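Student: Sequences and hints are given; from them, build the entire structure.
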Amino acid sequence: MLRTPVRKSIFVAILTLAAAFVSLPQSFTLFGKSFTRPDININIGKFSISRNLNTHLGLDLAGGSRLVFEANTGGISEEKKIDALTGVRNVIENRVNMFGISESTVQTSNFEGRDRIIVELPGISDTESAIKLIGETAQLSFVEVVEEAVPGSSTPSASLVPTDLTGADLERAEVVFDSNTGEPTISIQFSEEGGKKFAEITKRNVGKQLPIILDNRIISAPTVQEQIIGNSAQISGSFTIDEAKELSIQLNAGALPVPVELIQQETIGATLGAESVKMSVVAGVVGLLMVGLFMILSYGKLGLIADVGLFVFSVITMALYKLIPITLTLPGIAGFMLSIGMAVDSNILIFERFKEEKLKRNISDALEVSFGRAWDSIRDANVATIITSLILMNPLDWSFLPSSGPVRGFAITLLMGVLISLFTGIYVSRNLLRVFVREKKEKKK
Amino acid sequence: MNWMKYRWLYLLISGTLIICGVFSMFTWGFKIGIDFTGGSLLEYRLPNGSVRTYKEELINQDRKNEIKGELEKEFDGEVTEIRFENVGPTVGPETLKRTIYALLISASAILLWVAYQFKNFKFGISATLATIHDTLIVIGSFSILGHFFGAELDFLFVTALLTILSFSVHDTIVVFDRIREKRKSGYIELSTLANNAISETMVRSINNSFTIIFMLLALILLGGDTIRWFAVALLVGTISGTYSSPFVAVSLLVTWDEIEKKFKNNKKKKTN
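So the sequences go chain by chain: A and B. The numbers in UniProt numbering rise by one with no breaks, and the one at position 413 of the first sequence is 413. The numbers in UniProt numbering rise by one with no breaks, and the one at position 97 of the second sequence is 97.
Keep in mind the hints are simulated off the structure, nothing from the lab. Computed from a prediction, not measured in an experiment: that's the story for all the values here. C-beta atoms are modelled at their ideal positions from N, C-alpha and C, and glycine is treated no differently. Check the hints yourself; a few may be wrong.
25 angstroms max Cα-Cα, derived BS3-like pairs, lysine-lysine [stated by the list, open to error]:
no., chain 1, residue 1, chain 2, residue 2
1, A, K355, B, K64
2, B, K182, A, K358
3, B, K122, B, K5
4, B, K31, B, K55
5, B, K31, B, K5
6, A, K360, B, K182
7, B, K119, B, K264
8, A, K245, A, K301
9, B, K184, A, K358
10, A, K355, B, K261
11, A, K245, A, K81
12, B, K55, A, K132
13, B, K68, A, K132
14, A, K360, B, K184
15, B, K55, B, K97
16, A, K132, B, K64
Short derived list, chain B residues pointing at chain A, Cβ under 8 angstroms [to be verified]:
no., residue
17, T37
18, V87
19, R98
20, A102
21, T159
22, L165
23, D177
24, F210
25, L234
Tutor: Given below as C-alpha cells:
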C-alpha cells in the first residue's frame with residue numbers, strides 16, 4: 001500500500017493534517033472569522049474514545065502549588081509502614097478533593113528511608129489554608145447517634161456525639177474471612193483500655209449504629225448487635241475484598257496517626273505562569289523561523305524540504321503532547337525547542353553527504369546512498385541522547401534517581417523530540433526528496 | 001586541510017579555558033541554588049510592574065506577611081506574590097545525591113555505548129575525555145558567570161550538564177563514524193584519515209550547532225528568567241561540544257595512536 005514515495009508522501013500529508021487539526025487551539029480567529037475545534041468523541045459499539053484536546057500545563061505554566069510533606073513514620077514497624085502511608089495518602093487525597101481542583105495529584109515517594117507525600121495543586125490561590133488543612137494529622141473517633149424527640153415533629157432528630165474512644169485506643173485493623181460465610185470482614189483489635197471503653201459504648205448502643213469518623217468523614221457506620229466484651233470486634237457486611245481492604249487501611253490510618261511535616265513548597269502565581277507561556281511561544285516561533293531560514297539559506301531547495309519536515313515534526317509533536325497527554329512545563333518547552341534544533345541535524349548530515357555523493361553518481365542513487373550512510377551515524381549519535389533522557393525521565397520511578405517534575409518534563413519532551421525527529425528527518429524528508437528528484441528526472445527526459 | 005598539525009593550538013585553547021574555570025572554582029566557588037542548599041525564594045510583583053526577589057533562610061508565613069507589608073508600605077500600592085519556593089534542609093542534600101547518581105549512571109552508560117559501538121577502547125576513552133572537557137568548561141564557566149552575574153547551580157543546571165554530556169558524544173560519534181568508515185577502505189595513516197574526516201564533517205557540525213544555537217538564543221533572549229541560565233548552560237555546552245569533537249576527541253585519538261606506535265617501534269628496535 002505504501003510502496004511508492006508518492007503514496008508515502010500522501011500518507012505523511014494526511015498524518016500532518018490530522019496532527020495539525022489536533023494541535024489547533026480550542027478556538028481561534030482567522031481572517032476575522034472565529035473557529036472552534038471539536039474535541040475527540042468517538043463511540044463505536046463498546047469502544048469509546050473521548051479526549052479533550054487541551055494542552056496540559058504544569059504548575060510553572062498554569063500557576064499553582066507543589067507541596068512536599070515528610071511523613072514521620074518513626075516508631076512504626078516496617079510491615080505496617082506501607083499501610084500507614086497508604087492511609088495518610090488517602091486521607092490527604094480526600095482533603096485535596098475538598099478543594100475541587102481538577103488535575104491535582106497526590107503521590108508518595110521514598111528515598112533512603114524517608115517517606116514523602118507530594119501534592120500538586122494546579123491553579124490554587126489560597127495555598128496557606130491548603131497547607132493547614134493537608135498538614136493536619138488525621139483523627140479517628142467513634143461517635144454515638146443520640147436521638148432526641150423534637151416537639152411537634154414525628155421524626156426525632158439525630159445528632160452525632162463523639163465518644164472517648166479514639167484512634168489511640170485502636171491497635172490494628174485487618175481483613176479476615178468469616179469462617180462461616182467466607183465473606184471478607186474487618187477485625188478490629190483494641191488496646192486493654194480501648195476494649196473497656198468499647199464494651200461500655202456497645203452496651204449503651206445495642207441495636208443502634210456506631211459510626212466511625214476519620215478526618216470528619218464517616219467511613220463506616222456498623223450497627224451494634226450486642227455488647228462486645230473483650231478487646232476485639234468485627235465489622236461485617238457484604239464487603240468486596242477491595243472495600244474491606246480500603247476500610248482496614250482507613251482504620252489503621254486512624255490507629256497510627258502519621259504526622260506529616262511540610263518540607264518543601266513551590267508556588268507560582270497564575271500571572272507569572274501565563275507570562276511564561278507567552279514568552280515561550282514567542283521564543284519558540286522566533287527560533288523556529290531562524291532555523292527554517294538558515295536551512296533555506298544554506299541548502300536552498302533541499303533546505304525547503306527540510307523545513308517541510310520540520311513543520312511536520314512540530315505539528316506531530318504538539319499533537320502527541322495533547323493525545324498522550326504530556327504535562328508541559330517550562331523546562332519541557334526548552335526540551336522541545338532543543339529537539340527542534342536537533343531535528344534538522346539528520347537532514348544536515350544527509351544533505352552534506354549528498355553534496356559529496358552527487359559528484360560520484362547520478363542524483364537519485366546519490367540520494368539513496370547518502371541516506372543509507374548517514375543513517376548509521378544518526379542512529380549511533382541519537383542513542384546517547386536517548387540514554388540520557390531516559391535516565392532523567394526515570395520512567396520506573398527508581399528512588400535513587402531524580403524524579404522532580406521540571407527535570408522529568410524536560411527529559412520527556414527531549415526524548416519525544418529525538419524519536420519523532422528520527423521519523424521526520426528520515427522517513428518524511430527522504431520520501432519528499434524522492435518525489436522531488438524523480439520529477440526532476442522526468443522533466444529532463 | 002591538515003587539522004592535526006595544529007594540535008598544540010587546541011591544547012592551548014582548551015587548557016587556558018579549563019584553567020580559567022578551575023581557577024575561578026577555587027577562588028570564587030559557586031553560587032548554589034536553594035534546590036541544593038535549602039532555603040526560600042520569594043518574588044513579588046511591585047505596583048510599578050517590576051519584580052523584587054528575596055532569598056533567605058527558610059521563611060515562614062509571618063515573615064512572608066512582614067515582607068509583603070513592608071513592600072506595600074514602601075510602594076504604597078498592592079504587591080502580588082508571584083513565586084514562592086521553600087526547600088527544607090533535608091531536601092537539598094537528597095536532591096544532590098540523586099543528581100550525582102544520575103550523572104554517574106548516564107556517564108557510564110554513554111561510555112559503554114561508545115566503547116561498544118566502536119569496539120575499541122581508544123575511541124571510547126577519547127570520546128569520554130572530550131566529554132569531561134566539555135563538562136569542565138561548562139562548570140568552570142558557571143563559576144565565572146556566578147561570580148559576575150549571579151548564575152546559580154540548581155537542579156536545572158545539572159539537567160543541562162547531562163544533556164551536554166549526550167550532545168558532546170553525539171558530535172564525537174559523527175566524526176568517529178567517518179574515521180571508522182574510511183578505515184574500512186584500506187589502511188592509511190590515522191592522522192590523514194582524521195584530517196579528512198574532520199574536513200568532511202566540519203560544515204555539518206557547524207551548521208547543526210547553528211540551528212541549536214538559534215533555538216537557545218531565542219530562549220535566552222525571549223524565554224524569560226526561569227530558564228535563562230539553563231539555556232545559557234546548554235549554549236556553552238553546545239559550543240564547547242562542537243569544538244571538542246574534532247579538536248579534542250580526535251586529537252587525543254591521534255596522539256594516543258602515535259604514542260602507541262612509537263612505543264611498539266622502540267620495542268621492535270630493542271628486540272632487533
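Student: Compare the structure with each hint and give your call.
Tutor: Each hint tested on the structure:
1. A:K355 to B:K64: 63 angstroms, violated
2. B:K182 to A:K358: 18 angstroms, holds
3. B:K122 to B:K5: 20 angstroms, holds
4. B:K31 to B:K55: Given pair B:K31, B:K55 holds - Cα atoms ~12 angstroms apart, limit 25 angstroms.
5. B:K31 to B:K5: Between B:K31 and B:K5 the Cα gap is close to 40 angstroms, so the pair fails against 25 angstroms, i.e. violated.
6. A:K360 to B:K182: 16 angstroms, holds
7. B:K119 to B:K264: 21 angstroms, holds
8. A:K245 to A:K301: The given pair, whose Cα atoms are some 66 angstroms apart, is violated under the 25 angstroms limit.
9. B:K184 to A:K358: 22 angstroms, holds
10. A:K355 to B:K261: At roughly 36 angstroms apart (the allowed maximum being 25 angstroms), B:K261 and A:K355 break the hint.
11. A:K245 to A:K81: Holds - the C-alpha atoms of A:K81 and A:K245 are around 15 angstroms apart, at most 25 angstroms.
12. B:K55 to A:K132: 24 angstroms, holds
13. B:K68 to A:K132: 20 angstroms, holds
14. A:K360 to B:K184: Between A:K360 and B:K184 the Cα gap is close to 19 angstroms, so the pair holds against 25 angstroms.
15. B:K55 to B:K97: Judged against 25 angstroms, a Cα distance of about 23 angstroms means the pair holds.
16. A:K132 to B:K64: Cα-Cα ~16 angstroms, so holds.
17. T37: 13 angstroms, violated
18. V87: 5 angstroms, holds
19. R98: Holds, about 5 angstroms.
20. A102: 5 angstroms, holds
21. T159: Given a least distance of 5 angstroms, the restraint on B:T159 holds.
22. L165: Holds, because the Cβ-Cβ distance from B:L165 to chain A comes to roughly 6 angstroms (cut-off 8 angstroms).
23. D177: 4 angstroms, holds
24. F210: It holds, given that the least Cβ distance between B:F210 and chain A is near 6 angstroms, below 8 angstroms.
25. L234: Given a least distance of 7 angstroms, the restraint on B:L234 holds.
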